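Chemist: Single-letter residue listing:
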Amino acid sequence: MTDTLTTWLEACRVEDAVENGGVCVKNGEEQIALFYFTRRNEWFATQNECPHKKQMALSRGMIGSATDEPKVACPFHKKTFSLLTGECLTGDECAIKTYPVKVENGLVYIGTSPNY
Amino acid sequence: MKQPKVIVIGNGMVGYKFCEKLRAKSQAFDILVFGEEPRRAYDRVHLSEYFSGKTAEDLSLSTETWYEEQNITLLLANPVINIDREIKVVYAADGMEYSYDVLVFATGSGAFVPSIPGIEKEGVFVYRTLEDLDLISSYAQKSATAAVIGGGLLGLEAAKALIDLGIENTSIVEFAPRLMPRQIDAAGSDMLQSKLTALGLQIHLNKNTSSIEGEGAIGALAFSDGTSLPVDMLVISAGIKPRDELAKACGIETGPRGGILVDQNMQTNDASVFAIGECALYDGMIYGLIAPGYEMAEVLASNLCAMSKTFTGFDMSTKLKLIGIDVASFGDNFISEPDCRTIIFENKHKGIYKRINISNDGQYLLGGVLIGDAADYNMLLQTANNKMVLSENPEELILGSRGEKDGAASGTGITALPDAALICSCEGISKGDICAAVADGSCENLDDIKKCTKAGTGCGGCVPMIKDLVTYTLKSQGKYVKNVICEHFNYSRQELFDLIHIHQLKSYDEVLDAFGKNDGCEVCKPLVSSLLASLWNEMILKKGNDVAQDSNDRFLANIQKGGSYSVVPRIPGGEITPDKLIVIGEVAKKYNLYTKITGGQRIDMFGAHLNDLPLIWEELIAAGFESGHAYGKGLRTVKSCVGSTWCRFGLHDSVSFAIRIEERYRGIRAPHKFKSAVSGCIRECAEAQSKDFGIIATEKGWNLYVCGNGGSKPQHALLFATDLDSKTCIRYIDRFLMFYIRTADPLTRTATWLNKMEGGIDYLRNVIINDSLGMAAQWEYEIENLISAYQCEWKEAVENPAIRKRFSHFVNAPEEKDPTIEFVEMRGQKKTADWTISNQV
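Residue numbers (this note's numbering), protein chains in the order written: chain V, 1 to 116; chain B, 1001 to 1841.
Keep in mind that the hints were calculated from the coordinates and are not lab data. None of the values given here were measured: they were computed from a predicted structure. One or more of the hints may lead you astray.
Mimicking SDA-like on lysine to any residue, the simulated pairs with C-alpha atoms at most 20 Å apart in a straight line are [claimed, not checked]: (1) V/LYS54 <-> B/ALA1833; (2) B/LYS1795 <-> B/ASP1612; (3) B/LYS1543 <-> V/PHE76; (4) B/LYS1543 <-> B/ALA1514; (5) B/LYS1713 <-> B/LYS1756; (6) V/LYS78 <-> B/HIS1716; (7) B/LYS1756 <-> B/ARG1742; (8) B/LYS1561 <-> B/TYR1594; (9) B/LYS1580 <-> B/TYR1594; (10) B/LYS1542 <-> V/GLU15; (11) B/LYS1450 <-> V/ALA66; (12) B/LYS1506 <-> V/PHE76; (13) B/LYS1817 <-> V/MET56; (14) B/LYS1817 <-> V/CYS12; (15) B/LYS1817 <-> V/GLY28; (16) B/LYS1319 <-> B/PHE1345; (17) V/LYS53 <-> B/PRO1819; (18) B/LYS1673 <-> B/ASP1653; (19) B/LYS1543 <-> V/PHE37; (20) B/LYS1561 <-> V/GLU15; (21) V/LYS78 <-> V/PRO51; (22) V/LYS78 <-> B/PRO1746; (23) B/LYS1005 <-> B/ALA1306; (24) B/LYS1350 <-> B/LEU1322; (25) B/LYS1673 <-> V/HIS77; (26) B/LYS1517 <-> V/ASN41; (27) V/LYS78 <-> B/LYS1506; (28) B/LYS1673 <-> V/PHE76; (29) V/LYS54 <-> B/ASP1834; (30) V/LYS54 <-> B/THR1820.
Stretches of chain V that chain B covers, calculated by requiring three or more beta carbons in the stretch to come under 8 Å of a beta carbon on chain B [what the hints assert, rightly or not]: (31) 18-29; (32) 73-79.
Cβ atoms here follow ideal geometry from the backbone N, Cα and C, with glycine treated the same way.
Here chain B stands alone, though its shape is the one from the complex (with noise of 0.2 Å):
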């Protein structure tokens, strides 16, 4: 059967994904696309990383094999020449005809390039393609001075490339009184002028080019004001000038300054002709940003699949780093009073310029600009598009909350969310998609929303916000929501950490037998091995619940690339002998084991085999060591700086407190690991407020800080008690240990804990010291089993013939090593071999 043919004139950004989306959608077209540069499309947005380091090959958009994979024909070097719409053909560079059945142009923009005197002299470059940058590149060893024309957005990207070429002296010259005056106000741009100053570029405004003087090559701007600026170079970045004269040779109607005409779903005044990117004009707009551009592929490629969508214009909210500077700006930006009520917040001091503009009710956010500091961006976004009705304190946006419950607020959020908010942003999934998904009964939980709407499934970031959408959905249905483990326990956690404490059960069979079903699943397992630690405290690997443990701690290591374990002795406090320094180099060496120093004050040794594991604790626990715990969900370190004992600013002896700390709850399992720290002073060196608890000495005893988190998710721990002395210290911390033991779910950390908590720091502290739920007195007790209960698990297991009999990696020649196992050499130690198959993006 024959199919319809599709070419594509353009090979850049939004001409690639418009072929990536339409193959995804349909295998149904010939796809032709002809490129005019010699390369295959390559990121733009980007360019100026070509300067600094990155590759042709790095920016490219897609591998060498994909065009081919996905069945595409990609002619490079080769662009269209003639059009004839009568017959439906184009002609191209290479004599050959093409027949079409869809034309699409993708050809996007060239720079614009204003018509003045001397802009032929040598020394004159745009700014646009790789080509460009490359001539950029050779021209300016050879210069001490440049100036870029035009202090938009490429511009100041081209003041950047030319200063990592090495060229101190660069000059950005305007036209327009302010830098950026498309997106960003006259404060904002004199705060960025300041930034960029600061960094050593030259900002000339207000200043019209007359002509570029010089003989043969350029050696200087004339400006019409009479004065003038010597040069070795120019790069023109005036804006953009849509590539529309193929389409106008042709007869498709184009605007009056420019641009392809289009229509809602991308179409020409000629039905099987369309225009997408820069090059289209709709609305009477050129959408200069990619991603505009992406959604209106999307939209061709959705109509010629015969799927209805339109482009309706786009956001063109931006935000960007500038040679390191946060600039962003959106919705309205530019509206002022008396139509809209502006809040600014300004910080010289630190060049931090934020601007708010809300409606004259003080109901809506309508727009803004963020200079310095654009962290807010996304939650401003999301505040204007969706028209969410705003607090009594509008500046608390920009300003933060200042009240002392911060971290509360998150849990209201995603009801205030609008049903037309994007929650899954690479699926383009909203609210309303996935509330109406759990309202008409087709999902459940995460699992069953992933499957029946795709959201989730691309970089994951979404899932909380999604569970909890499904949660918020199903109870607002009436529906009693319970947080089940999985298919085998009908129960949430907590109800099973009481009934296995009610029960006395003591191993993953009998919870199973006694309140699951069939035979439970890498889930329920580990969760009932935490449980079962939490509660009893008994050595893991015993009565067959080595098999339900996770896979660090069924061997008590954890398990690394290329299937070798590595090996974590406690030092308490980071507190270690010269002899046991020299204890841990010598088993190092003798195993031949990768050491490195941790964040947590200890040393960590990679690559020891399976078989080994038994050999080299042996040596270690001789040598009094043991067990650090780095595999098991539960307290890995006790950070502490030195302290009064040596530091001329210490109050008390940290270390002694973060020793006698580590020995309490060592070996005590949790939810997720915890992590402390004990600073001997408010320099906070041992950075204690990033813990899961922290202590900080005071002239008259401790504070106490809790629910900290480093990680992915940064957040400081809040401050919890002043000035105890060291055993109400200790108490509040059993006491907080083992709420958090008792109602955390699964794999949470105290962080999110707290944040989930309704009532959040306040409700804590009413637990903890005031003993509100009357718990204190029992948990105290259960702490106490804990503790009294530990001891060294790998002592045990090195000592207990039959779980050392696990360790060897055959179970028919177990003095055999796993031979897959590979090392390379790194900086005179080994690492691991590389993942044999490349990591898919």
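Excised from the complex, chain V in its bound form (with noise of 0.2 Å):
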């Protein structure tokens, strides 16, 4: 994905997302859960939805990591997804979409692709 092809969505400031836990982002009809790993320094967005039963509860999770992968757990049935690839961790779910995040002048905007 170029620059050119990505839409940055402005989410939010700096200050109103959750430190080493999720926010919940509206953009149009799609809901996008941002992480704010402070812990590691990093920030990280996926879809909002958990795959298994169709929850809008992602941003509501957990996060870790599992040996150095950062990952979030539902919380509805604690089915976990890593963070950087999407990929879910425990047992057969399909993989939740990922989104690139970035930080300028106070504000994080997540980058959406308008082919989506």
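Dock chain to chain to rebuild the complex, using the hints, since each chain is given by itself in its own frame.
Modeler: Put into structure tokens, the structure is as follows:
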């Protein structure tokens, strides 16, 4: 994906994000989970819907790591997904969508492709 | 590349299971299945449920698309007519010919119909297929009386079906002098018979039917003793007959009394032809149960995939419920004195009969029969199959231990099991498999075991046993076993509890920095949060601890299906004023919440949007409510009966005492939730004996019970101390709770905690009452601190802007609620829409 194809959605101010946790960002009809992994000084964004039972919940999940892989656990049934690749780390759920994140001037942006 | 072609004749339960197992092992076969019936394989074991409301589709073993998905060709209503083994071709009813490399007979069995004169008359049926059931069902509408020939397992099933069809006057006719002659002994049959008679069935034993009378249609049964029985219809269930005619016609060897002869690989006298299930005759025996049929399917599927496996007979022990009556037999059920010693328990009042046969030296359990109560079946079967050495009081196997120490024995069970004991029955993994995987160093915990043996990955029921086996094996190897929390903390819960206490840590991040590594996870975060709450009882959403809370604690409400939350205010002791009831009603109405009375004597409000939670609680708090902690691992409710204030039997004021207890321990976090109840007299209306601690009024004071549990594994609370005054009772509970909070494993209820405690209830009594550890004073001091630190979490949450800010769904549209939450109407209220994807079973 090149920068020209990416639309950057202004999600929130850095101080509105939850440290070491997630918030949910509205992008039209779409819901995106935005995670501020303060401990690793990293930002991640994924789809908010957990593919297991199709619940809009991942932004309310706990984040953490498995060896060094950052992950989020769905609050419903604790299915975990890699924040890097979106891959399901517990069982056979399909992978979740991930989005690029950038921070500029205290504002957090999520890269969404118009093709989505 | 050309794939080997497997043709399966028969689409019954075993034929279906064979396809499933073969496909699971390999894609390298073309599979073609012929079914005589027009339906996909269905569950014949539960055939009679067709009459109690199940549809043919409910009974079906597979979905409509399963065969297609598995790339299996299924030809229904197309029986095979002939076989030419020379050129390996089968000829089917559709006029086509199909070639095979491997031919599998899974033709099952038909009903055995004795040659009684008049058997061809109208109104005579067999009980075998769904078509038979349809015929029986329509004929039953014009019948007032019915009989079943055959008092065996299937005959009793058929009789139940007739009763379900509305024929109250149903008789069972049995040739032998008793019912179920193959499974149970005479005394057991007597007990069964009296129970069946009580249900309205008429039983005729020692009856040899000589002819079926009637003009065209059946009118009566005539017996060889000269008597007769008038009936409008008859169902024959006199046994089964293997369907071997096709095999016989093409020269496959069969037994003299029917059945296709197979060896231990399920192979017939033709190396390309196999037989499985009820059509197969192995070692002179037809196996008319489903489990051995499945085992044969497994053996054959394995052998075709070059995995060597053999069938060596099968345990014919059975347990079933016949018309609501437990019937079980296991092992050598008919052996009798002097070849063994029998122990018999008979309770005519309750209709229970139990018999066990033990070896003459008293060492081993050989077999037995259970009627009316088969709860002990699994344990007895394991004991017999594994040749476990019996205790000196083998009667305890069926009577239960009569000593005080119930519960304490469960810890010793696992070590006594032999290596062959099947632990995970879904995957067929034995104790030996699990211990070996640990002993060779490849596995050190449950996850390792799951990966390398697949044990525990099915229903999960064996998981606690696997954990214990891993610990036991590691210990026996001299390895120091530490129950560490997760990859981020190399400590047990108890160790971390002490470390946090000593170092006075107050937030998850402080604990992770001091004693953990990396970033934490969904296992250690809630665990540490729980420890912090148990130690300091500070508002759980402060100090960055909000993101370390479990799903429900994070928003001080239980997250429900669909993503809405529930609201449960505390109603101590279940006592509430009319005004407060009105407030709940008004709030529920205003925010469109579903309301329900809970089992813990309070009111649940469901379907609250995250955004509405602070608004709802603001109104509730203004009316004098506080958090009910229904979301937390802590005190839930203290249930009470109305006690001496109103009840004419009540000895003390149980409501006041319940309120006092509930207000004392509210908000205290523990390894798991805990519940209590207070009953005003021995009638026990508050069900205190099913609680983590329960109190029952006596003439002289209170009796205290501990470590009971409802839920999936009910356990009665044990009597802990008697005739206590209120102050002493509370002091014991203080110590009890602190001991539990201090020492229990994560997510362990008090019942399990006690079950694992060495020394059991006697030890617990010694610690709490006699202060054998010298901890009582400290615990009482600590719990006083927790109690005085209590504040309503919701009050703080709505008053603190930083915390309150988090109760909105969208960070970039704080006023908008989650638009994906959907409700549907049901009985005048709303309910959440179903999971949008189906549950996979």
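Chemist: Decide, hint by hint, whether the structure agrees.
Modeler: Structure-based check of each hint:
1. V/LYS54 <-> B/ALA1833: holds, 12 Å
2. B/LYS1795 <-> B/ASP1612: Holds, at about 15 Å.
3. B/LYS1543 <-> V/PHE76: violated, 24 Å
4. B/LYS1543 <-> B/ALA1514: holds, 16 Å
5. B/LYS1713 <-> B/LYS1756: holds, 15 Å
6. V/LYS78 <-> B/HIS1716: violated, 31 Å
7. B/LYS1756 <-> B/ARG1742: holds, 15 Å
8. B/LYS1561 <-> B/TYR1594: holds, 13 Å
9. B/LYS1580 <-> B/TYR1594: holds, 17 Å
10. B/LYS1542 <-> V/GLU15: Holds, at about 16 Å.
11. B/LYS1450 <-> V/ALA66: holds, 18 Å
12. B/LYS1506 <-> V/PHE76: Measuring from Cα to Cα gives roughly 27 Å; hence the hint is violated.
13. B/LYS1817 <-> V/MET56: Roughly 12 Å between the alpha carbons, so the hint for B/LYS1817 and V/MET56 holds.
14. B/LYS1817 <-> V/CYS12: holds, 17 Å
15. B/LYS1817 <-> V/GLY28: Holds. B/LYS1817 to V/GLY28 sits at ~13 Å (cutoff 20 Å).
16. B/LYS1319 <-> B/PHE1345: holds, 18 Å
17. V/LYS53 <-> B/PRO1819: Roughly 17 Å between the alpha carbons, so the hint for V/LYS53 and B/PRO1819 holds.
18. B/LYS1673 <-> B/ASP1653: Violated, because 26 Å separates the two Cα atoms, which is more than 20 Å.
19. B/LYS1543 <-> V/PHE37: holds, 16 Å
20. B/LYS1561 <-> V/GLU15: Between B/LYS1561 and V/GLU15 the Cα gap is close to 30 Å, so the pair fails against 20 Å, i.e. violated.
21. V/LYS78 <-> V/PRO51: With Cα atoms ~12 Å apart, V/LYS78 and V/PRO51 stay inside 20 Å; holds.
22. V/LYS78 <-> B/PRO1746: Judged against 20 Å, a Cα distance of about 16 Å means the pair holds.
23. B/LYS1005 <-> B/ALA1306: holds, 16 Å
24. B/LYS1350 <-> B/LEU1322: holds, 16 Å
25. B/LYS1673 <-> V/HIS77: holds, 19 Å
26. B/LYS1517 <-> V/ASN41: holds, 16 Å
27. V/LYS78 <-> B/LYS1506: Judged against 20 Å, a Cα distance of about 26 Å means the pair is violated.
28. B/LYS1673 <-> V/PHE76: With Cα atoms ~18 Å apart, B/LYS1673 and V/PHE76 stay inside 20 Å; holds.
29. V/LYS54 <-> B/ASP1834: holds, 11 Å
30. V/LYS54 <-> B/THR1820: holds, 10 Å
31. 18-29: This one holds; 8 residues, not fewer than the three required, reach chain B with a Cβ under 8 Å.
32. 73-79: It holds, with 4 qualifying residues against the three required.
The structure does not agree with the numbered hints 3, 6, 12, 18, 20, 27 stated previously, though it agrees with the rest.
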